[in-house]
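2 protein chains.
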Amino acid sequence: MRIALAQLNYIVGDFELNTHKITEAIAQAKQNDAELIIFSELSVCGNMPHDLLTRPYFINKCLESINTIATHCNGIAAIVGSPSCNPNPTGKALYNSAFFLKNGKIDSIHNKSLLATYDILNEHRYFEPSDSLQAVTLNGKTIAITIGEDIWDTLQADGRKLYSKPPMQELVTQTPELIVNIAAIPFVQGKIDQRVSVYKNNVKQYGIPLISVNQVGGNTNIIFDGRSLAINSNGTVAKMLNIFEEDICYVDSNDLEANATSISIEKEDTIALIHDALVLGIKDYFCKMGFTKATLGLSGGIDSAVTIALAQKALGSENIRVLLLPSQYSSEHGVSEAVELADNLNIQYDIISINSVFNSFRSSLANIFEGQPENLTEENIQARTRGVMLMALSNKFGHLVLNTSNKSEAAVGYGTLYGDMCGALAVLGDVYKTQVFELARYINRSEEIIPTNTITKPPSAELRPDQKDSDSLPDYEILDQILYYYLEENKSKEEIVKMGFNAQQVSKIIRLVKISEHKRYQTAPVLRISSKAFGIGRLLPLVAKT
Amino acid sequence: MRIALAQLNYIVGDFELNTHKITEAIAQAKQNDAELIIFSELSVCGNMPHDLLTRPYFINKCLESINTIATHCNGIAAIVGSPSCNPNPTGKALYNSAFFLKNGKIDSIHNKSLLATYDILNEHRYFEPSDSLQAVTLNGKTIAITIGEDIWDTLQADGRKLYSKPPMQELVTQTPELIVNIAAIPFVQGKIDQRVSVYKNNVKQYGIPLISVNQVGGNTNIIFDGRSLAINSNGTVAKMLNIFEEDICYVDSNDLEANATSISIEKEDTIALIHDALVLGIKDYFCKMGFTKATLGLSGGIDSAVTIALAQKALGSENIRVLLLPSQYSSEHGVSEAVELADNLNIQYDIISINSVFNSFRSSLANIFEGQPENLTEENIQARTRGVMLMALSNKFGHLVLNTSNKSEAAVGYGTLYGDMCGALAVLGDVYKTQVFELARYINRSEEIIPTNTITKPPSAELRPDQKDSDSLPDYEILDQILYYYLEENKSKEEIVKMGFNAQQVSKIIRLVKISEHKRYQTAPVLRISSKAFGIGRLLPLVAKT
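Which chain is which? The protein sequence lines are A and B, in order.
Position 40 of the first sequence, counting from 1, maps to 40 under my numbering, and the rest follow consecutively.
Position 23 of the second sequence, counting from 1, maps to 23 under my numbering, and the rest follow consecutively.
If we strip away everything but chain A, and leave its shape as in the complex, we get (with noise of 0.2 Å):
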């Protein structure tokens, strides 16, 4: 049987696009012979809807996408993702469901066992759990039907499992030859090998293929990377789709067998990966809102280098302008480096000295700050008035503010709350700064695009004279592998000093992350990247004593 596999990009809500997409999909798939075509999890609605999957006329218009959808099943079934209704009157009104389409009606619908509910996940909010499990017959062969984390029952870190009951188990039963998972995956840096694990280990443990459709594109914080494939039922990969890209490949269910023909997964070149994944995060973001123009304010130091490098990517050098906002505390290789990257990409740069308004701020102050010394307050002036200079040019023009922001600053709370934290994005949030020196490496890899002093000089806000970042914060190298362990492995003070870690330096750290939470509250959406972002997939009370 020749199934289509319909790796697409949807925007939440756009019912008229995402519908579109999809029946544009049915039609090439029946011009090319195909039985089946399948889309990915909640593709009428998109991923993710969040609590517009509380609203009813959001419901509404997702069936009446599936009815529409639908009468373009003739001569082809298809699979597609869509939020369901939940016929009992008692427990959540949905469910998370794969909609059968076969004969230009709607065949069958399965749905959704395994409610992810962990990090950006929550499931359990809008979802009842499947009571009823039901392979599909079409053209003689029978299919297991799954949804996302259905086939996704593994071993966690603490040596657990999370759900007692794997859907195929009791679908196995049925005698299915083909196993569909719907899903919407999204990318985390370096985990492509375990993904593959998951489906290689379904399928030698039912003894039959696999083939998984996912979601691709960036919606808000979350960037899904594609990367759909078909596993042989002796567990090798048999394809992949493109990576961070729709694509539309095709598979006979036939081939899929022990003797077939297989590809090998390359090994992740993570840095180019990460790239790649940023580059789509901000031109969807940008596009899916309707927003074309970017600005942000290039200081001379990496982080604005490389963000600034990454959106020219996304958006072209034509649609982004930057400010050179300098003080009396900023070097002149700073400014001539910034201008330097700005002529390389040919991005549109002014210069405006914060001088003049920074002295204002002070003058005005002056009564108030009587005897006081001078302290961060000053230097968290200069950064807030960078944040408004930016974000009036916002204002007049349209231009959104990227934050340049990365995820070892936002950790330890080095950064100006409504200064450099503010901005529409947070290109870097989830990039350690480690991650960031690498990604200018690789930015820089066939020719000098961010200035090589910007790369190898030593980190520095420019806030006050001499300024350094190792002055108040250990090595960065240190410094990321510690917030490694206790962000994204969850481990305790006690385990990170065991690892070999200095235990003031740990102490240090940890109680940095912890009094800094109540300004990542109030920043921009993270691009994620990694298993454990800043943002809705880490939530943390703000009072507490922990």
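Treat each hint with caution, since some may be false.
Claimed, not checked - Residues of chain A clear of chain B, computed beta-carbon distances all greater than 12 Å:
{"#": "1", "residue": "Asn103"}
{"#": "2", "residue": "Cys249"}
{"#": "3", "residue": "Gly316"}
{"#": "4", "residue": "Tyr486"}
{"#": "5", "residue": "Lys493"}
To be verified - To be clear about the criterion: a stretch of chain A counts as covered by chain B if any three or more of its residues have a C-beta under 8 Å from a C-beta of chain B, and this derived list gives those stretches:
{"#": "6", "segment": "85–92"}
{"#": "7", "segment": "117–125"}
{"#": "8", "segment": "361–374"}
{"#": "9", "segment": "432–444"}
Stated by the list, open to error - The calculated BS3-like cross-link candidates involving lysine-lysine, where the alpha carbons are at most 25 Å apart (straight line), are:
{"#": "10", "chain 1": "B", "residue 1": "Lys519", "chain 2": "A", "residue 2": "Lys283"}
{"#": "11", "chain 1": "B", "residue 1": "Lys508", "chain 2": "A", "residue 2": "Lys396"}
{"#": "12", "chain 1": "B", "residue 1": "Lys532", "chain 2": "A", "residue 2": "Lys519"}
{"#": "13", "chain 1": "B", "residue 1": "Lys519", "chain 2": "B", "residue 2": "Lys545"}
{"#": "14", "chain 1": "B", "residue 1": "Lys283", "chain 2": "A", "residue 2": "Lys519"}
Treat the hints as calculated values from the structure; they're not laboratory data.
Here the structure is a predicted model, which is why all the values come from computation and not from measurement.
No residue lacks a Cβ here, since even glycine has one placed at the ideal position from N, Cα and C.
Chain A is already provided as a structure; the job is to place chain B on it using the hints.
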């Protein structure tokens, strides 16, 4: 059996404090000859701990606390809320439990069955539902122990029941003589009748009396109101504990009979309760964070007037210092009313004109803004200049900035990000503008604290000459109703129009709500007093077409 109801105010993660409060209450209850003392849901760690529950050391601390508390339970039994570990190798690692402590040790553990996962509640994120139910026996009396939602199997607005298996249906077969419910129910205006009904309905359905102990106190955005209660077996209210404060009361379970004495629940004075809730919310936010001092920008408008009056109640005049930040567009009456208000409250204030900084921004930006007409940009620069001034005071002297935006403004995006939307805590962020006026009149109920003209003059942001809120927004009476139906009742545009509102106005308002999601994403925690506040209980994708 004499039972103590211990309604206490916990700090999340402050195990020392929480354990101390609990053991002190046990000692007091023993002195008062109680045989059983009951504490609220997750009392050892405080509610709501959010992702702290995913940290192993946090769970260890909970269990250590339980063991410590158990050693105090000689001659008295206790029911204490705490997470407990799921011994099964599948499912979430934790239960939300009630520990029954007796004879100096843990006698039994009772797990929550119905896990609330909607609005601000995320219980499925952390907990596995109970898989066994067992009543306990104490001094010959059988008691059914339930936790929060377990007895809230109520009909939803959409006619559905959220749960198919309320645990009391099983527990009642064990012929308990009393239902105990340990809870952590946040304050929501106007809902006390509904809450009491839920308890009464359980009593009527199962024919046995009920005691419920609720947490009290503010934790970040959530204000737990207390009002723990005991219901007689005939469904009348035997006792209700104080609202918004710690309270320990004693009830004899033998008195909770059909012919028992009962009290009547007074009709809520909604505005008085909102006032007290917000005062508690401010007070606990500060004291639990270890801060004492607050600042804000006093404009002569009603929002900042009400906010400062609430803050003064919560923190005392001596802990508040405010700035009056007039511009060329500020009215003279605004400044004089602000001064009058600060004097009435005996609060230190300084007047700093923002003209100099504003002009400095304009000169600095003159080149890049050449030929552009003045617009919102210049208004935003004024608001952001004020934000920088307030944050500077905060940074220099340690005053937390209170945000003064009301819910109506926040809903339609009528506010400047990083300007008047700055601050550590949004005091009025869940209070509609019409309610802000009611609060002002309530604050003035016995003497004029807020100048009458502040209340009676037409609201204006004073960011351009002769600006009025009503220039760009419908009357607040209309606006607030439309917002209420849209935000809180989840009505569609069509449904709201059918109620008799102007279709164009409804469309405009809903559009404004949608296009300002990105602003609310970056604002301070909002003290929650309604069933749908902005913040973690309302999760919408920023990138969406809806």
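We went through each hint and held it up to the structure:
no.: 1; hint: Asn103; result: 31 Å, holds
no.: 2; hint: Cys249; result: 27 Å, holds
no.: 3; hint: Gly316; result: 20 Å, holds
no.: 4; hint: Tyr486; result: 10 Å, violated
no.: 5; hint: Lys493; result: 8 Å, violated
no.: 6; hint: 85–92; result: holds (count 5)
no.: 7; hint: 117–125; result: holds (count 5)
no.: 8; hint: 361–374; result: holds (count 8)
no.: 9; hint: 432–444; result: violated (count 0)
no.: 10; hint: B:Lys519 <-> A:Lys283; result: 20 Å, holds
no.: 11; hint: B:Lys508 <-> A:Lys396; result: 23 Å, holds
no.: 12; hint: B:Lys532 <-> A:Lys519; result: 24 Å, holds
no.: 13; hint: B:Lys519 <-> B:Lys545; result: 17 Å, holds
no.: 14; hint: B:Lys283 <-> A:Lys519; result: 20 Å, holds
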